[in-house]
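There are 2 protein chains.
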Amino acid sequence: MEHQQIIFSNAIPEAIESILKELDFNKAVIITDVNTHQFAFPKIADSPAVKGVPCIIIKSGDTYKTMETATTVWKQLEVAGATRRTVVINLGGGVVTDLGGFAASVFKRGLRFINIPTTLLGAVDAAIGGKTGVNFNGLKNEIGVFNEACAVVVSTLFFDTLPPTELKSGYAEMLKHGLLSDRQYFADLLNHDILDGDREHLLGLLKRSVIIKRDIVAADPHEQGLRRALNLGHTAGHAFESLAMKRMEPVPHGYAVAWGLVVELILSHMIYKFPSDILHTVADFVRDNYGTFPITCDDYDTLLALMRHDKKSLGGEINCSLLADVGDIKLGTIVSSDDIKASLDIYRDLLQ
Amino acid sequence: MEHQQIIFSNAIPEAIESILKELDFNKAVIITDVNTHQFAFPKIADSPAVKGVPCIIIKSGDTYKTMETATTVWKQLEVAGATRRTVVINLGGGVVTDLGGFAASVFKRGLRFINIPTTLLGAVDAAIGGKTGVNFNGLKNEIGVFNEACAVVVSTLFFDTLPPTELKSGYAEMLKHGLLSDRQYFADLLNHDILDGDREHLLGLLKRSVIIKRDIVAADPHEQGLRRALNLGHTAGHAFESLAMKRMEPVPHGYAVAWGLVVELILSHMIYKFPSDILHTVADFVRDNYGTFPITCDDYDTLLALMRHDKKSLGGEINCSLLADVGDIKLGTIVSSDDIKASLDIYRDLLQ
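Chains as they are written, first to last, in the working numbering: chain A, 2 to 353; chain B, 2 to 353.
Do not rely on the hints blindly, as some may be mistaken.
Same chains, same label: a pair holds when it works inside one copy or across any pair of copies.
[Unchecked claim] Computed list of lysine-lysine pairs in DSSO-like fashion (alpha-carbon distance at most 27 angstroms, straight line): (1) Lys28 x Lys141; (2) Lys208 x Lys22; (3) Lys208 x Lys28; (4) Lys60 x Lys169; (5) Lys208 x Lys44; (6) Lys76 x Lys274; (7) Lys247 x Lys52; (8) Lys76 x Lys141; (9) Lys247 x Lys169; (10) Lys208 x Lys331; (11) Lys22 x Lys52; (12) Lys331 x Lys274; (13) Lys60 x Lys44; (14) Lys342 x Lys247; (15) Lys44 x Lys342; (16) Lys342 x Lys22; (17) Lys247 x Lys76; (18) Lys331 x Lys22; (19) Lys331 x Lys247; (20) Lys169 x Lys76; (21) Lys274 x Lys208.
Don't read these hints as lab results, they were simulated from the structure.
All values derive from a computational prediction rather than experimental measurement.
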C-alpha cells in the first residue's frame, strides 16, 4: 500500500491544491451531504481550488448510508463525466467519508479519493484507516472495502459549526488512542478542556491521535491483528449503544465509547492489573464530561447478549481488546460472563 | 499482492480440498448460475468437498450481471451465516466469476473467493486477473473492484457441456495470448483443432494461455501499463460487437475479438511492419473458424465512432495496443481515422 498523505492544516483550499498538484488526474468531484453543504462548505466555496468543481450532495445521517444513496452517487458521477482518472473529494463527517470512499472505490473499479473530515469524530476515526462502506439489510457497514484515501486533510476549521455533543463524541476516540499509546499524551488529553480549549492546541492533540491510528492501521490494514486494539471500549460501548436504541433513547457513539472504556478498563484492571489510579482518573473524566449511562442489574443479561453478538465475538464468546497499562495492549481476550457482570457492578459504583 | 494459486486439473473436488486445506476458514459457500447448476454442477456434486456446501444460484446471462443480483447474493450470504472467514467458490462462466468475485470482495469488506471457470472463455479471460464487477445503468462492468481470487481451478472437465460457439469464443482469446507471447506457442494454437482436438492437449494449451495472462496481470494489476496489451483485438472487436447489437444480430464476444485481431494486425503491419505472412495465416484461420463479419464502407463512420467511445480511448482519439512482431508489444498507439479506414478495406479483402 502506498503511504497515505495526511495534511494537518486549517488552510483547506491550499491543502487541496497541493494534493491535486501531485496527482495525474483529469477532473475533481466533491461528495458532501446537505448539512455539510449548508454549514461547512461555505468556508471553502470561494477558493479557486473548489470553485466550479461539481458537488454531489447526499442526504445527511446514518439512515442514508445505503446502497440506494451510493447508486445516486454513481449516476451523478456518470453525469459529471467521471473517468478512472477522476479524483473524488469527500467533504463531511463519517457518513460522507464512509459512503463516498466506498462509492469511489468501486466506480469503474476504483477512483482515488481525498477525505476532508468536517467533524472531530470523522477526523480521528472514519476518515483515516481505509474502512469504507454502507449499511445493508439492517447491518452496519455490511458492504464495503478496505481502501485508503490517497490523502486526508485534518483541520479544526469546521468545528465551530458542530454541536458540543459531536466534539465530545470525537474526543472519546482520542482518549482511546491516548490509552493505546503513552502516558504523557494521555495526560495532555485529560488536561485539555474539550469545549473551551483553544483550537490550535486541539489541532496538536488531534494530530497526535491521527498519527497513532495511522500507525496501527499501517501495521495491520485488514484488521487481522494489532488493528483490533482500536476496538478498546467498543465491545461494551456498542452494547450500551444498542441498549439505548432498544430503549428508544439513542446516545451519541462517542459517549457510548467513553462509558465502554470505563467498563473495559475495569476488566483490564481485574484481568491484567491495569493501574487503578488511572482507571479512577478516567472514570472521573468520563463522569464529568459524558455523565453516565444508567443501568441496573436487570440490564445485565441484555448487555451480555449484545456483547456476544458483537462482530468481534466468535462462537458466542465475548472478545475484548484490553490493556495491562497505558500502551500495553492485550489483544483478543476472552472474558467470562461473571467478569463482565462484576465489571458492570464496579462501573455503576464509579459512575452512578 | 499475494501470489494467486492456479491449479490445472480435471480432478476438481480434490483441487478444492487441497485449496481449502491451506486456508483458515469457517465455512464455504458456492455461487453458481441456473445453467451451470443444471449442466456442470452434477459433475462434482457428489464429492465430499462439495456435498452440503450451500449453493447460491443466480440467473444465467449478462443481463443479470447487475447490482440487483449482487443484492440477492449478499442476502443469501447472510442467511448462510457467512462471516469474514467464509470462502466463496464461484462455479461458472464469466458472469458468475465477475459478479461472484465482486459480491465476495465487498461483503463485510471482503471475503476470499475461489474461481472455478466452467467455460473456455471464463478460464482464459474472466476467472484470471482480478477484474470483478457488475453492469450498471447500461454500462458494462461500471461498478467493481480489482481483486484476485485466492485460487483458480482451470480444467476442461465441463467443456463437453458447452456449445461449439463458446469453445471458439474462448479460443480467440487464446490466439491473442499467443500473439502476445511467442511464435512456437502461437504455431501450436494454429495447429490445434478447436472442436475435435483432444482435451488433454487443449488443457496443455490452456495452461500456457492462463500463465501468459497471469504474468501480464502480475506486472500491472491495475491496468496502468503492460496490462493494456490484453486489449489487442478489442478496440476493433468491441466496435464489431456493438455494430452487431445495433443490427439486432448479436455475435459472440470471442468471434468479434477474432475479427478485431485481424483488423489490428493489419494496423500493426501498416504502422509497425508486423510480418505479413503471419497476418495472412491469422486471417485464414479466423475465416475458416469464425467466418467473417460483413461490413461495407457505409459502416466505416459508425465503426470509427464506436472506437472513439471505447473505454481505452481518451479525448476522442482511437487508442490501440498493437504488435511489431509476435511478442513485440506496442502499447497505446494512437491510430488515425484514415489508417482505420485503410485497415477495414484490407480486412474486407482478406476475409470477405
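Right, here's what the structure says about each hint:
no.: 1; hint: Lys28 x Lys141; result: between (32 angstroms within a copy, 22 angstroms between copies)
no.: 2; hint: Lys208 x Lys22; result: within (23 angstroms within a copy, 44 angstroms between copies)
no.: 3; hint: Lys208 x Lys28; result: neither (29 angstroms within a copy, 41 angstroms between copies)
no.: 4; hint: Lys60 x Lys169; result: within (24 angstroms within a copy, 50 angstroms between copies)
no.: 5; hint: Lys208 x Lys44; result: within (21 angstroms within a copy, 59 angstroms between copies)
no.: 6; hint: Lys76 x Lys274; result: neither (55 angstroms within a copy, 44 angstroms between copies)
no.: 7; hint: Lys247 x Lys52; result: neither (45 angstroms within a copy, 41 angstroms between copies)
no.: 8; hint: Lys76 x Lys141; result: both (23 angstroms within a copy, 14 angstroms between copies)
no.: 9; hint: Lys247 x Lys169; result: within (23 angstroms within a copy, 60 angstroms between copies)
no.: 10; hint: Lys208 x Lys331; result: within (25 angstroms within a copy, 47 angstroms between copies)
no.: 11; hint: Lys22 x Lys52; result: within (16 angstroms within a copy, 56 angstroms between copies)
no.: 12; hint: Lys331 x Lys274; result: within (12 angstroms within a copy, 66 angstroms between copies)
no.: 13; hint: Lys60 x Lys44; result: within (20 angstroms within a copy, 50 angstroms between copies)
no.: 14; hint: Lys342 x Lys247; result: within (20 angstroms within a copy, 69 angstroms between copies)
no.: 15; hint: Lys44 x Lys342; result: neither (49 angstroms within a copy, 54 angstroms between copies)
no.: 16; hint: Lys342 x Lys22; result: neither (55 angstroms within a copy, 40 angstroms between copies)
no.: 17; hint: Lys247 x Lys76; result: between (36 angstroms within a copy, 24 angstroms between copies)
no.: 18; hint: Lys331 x Lys22; result: neither (42 angstroms within a copy, 30 angstroms between copies)
no.: 19; hint: Lys331 x Lys247; result: neither (31 angstroms within a copy, 63 angstroms between copies)
no.: 20; hint: Lys169 x Lys76; result: neither (36 angstroms within a copy, 36 angstroms between copies)
no.: 21; hint: Lys274 x Lys208; result: neither (30 angstroms within a copy, 59 angstroms between copies)
Of the numbered hints stated above, those contradicted by the structure are hints 3, 6, 7, 15, 16, 18, 19, 20, 21, listed in ascending order.
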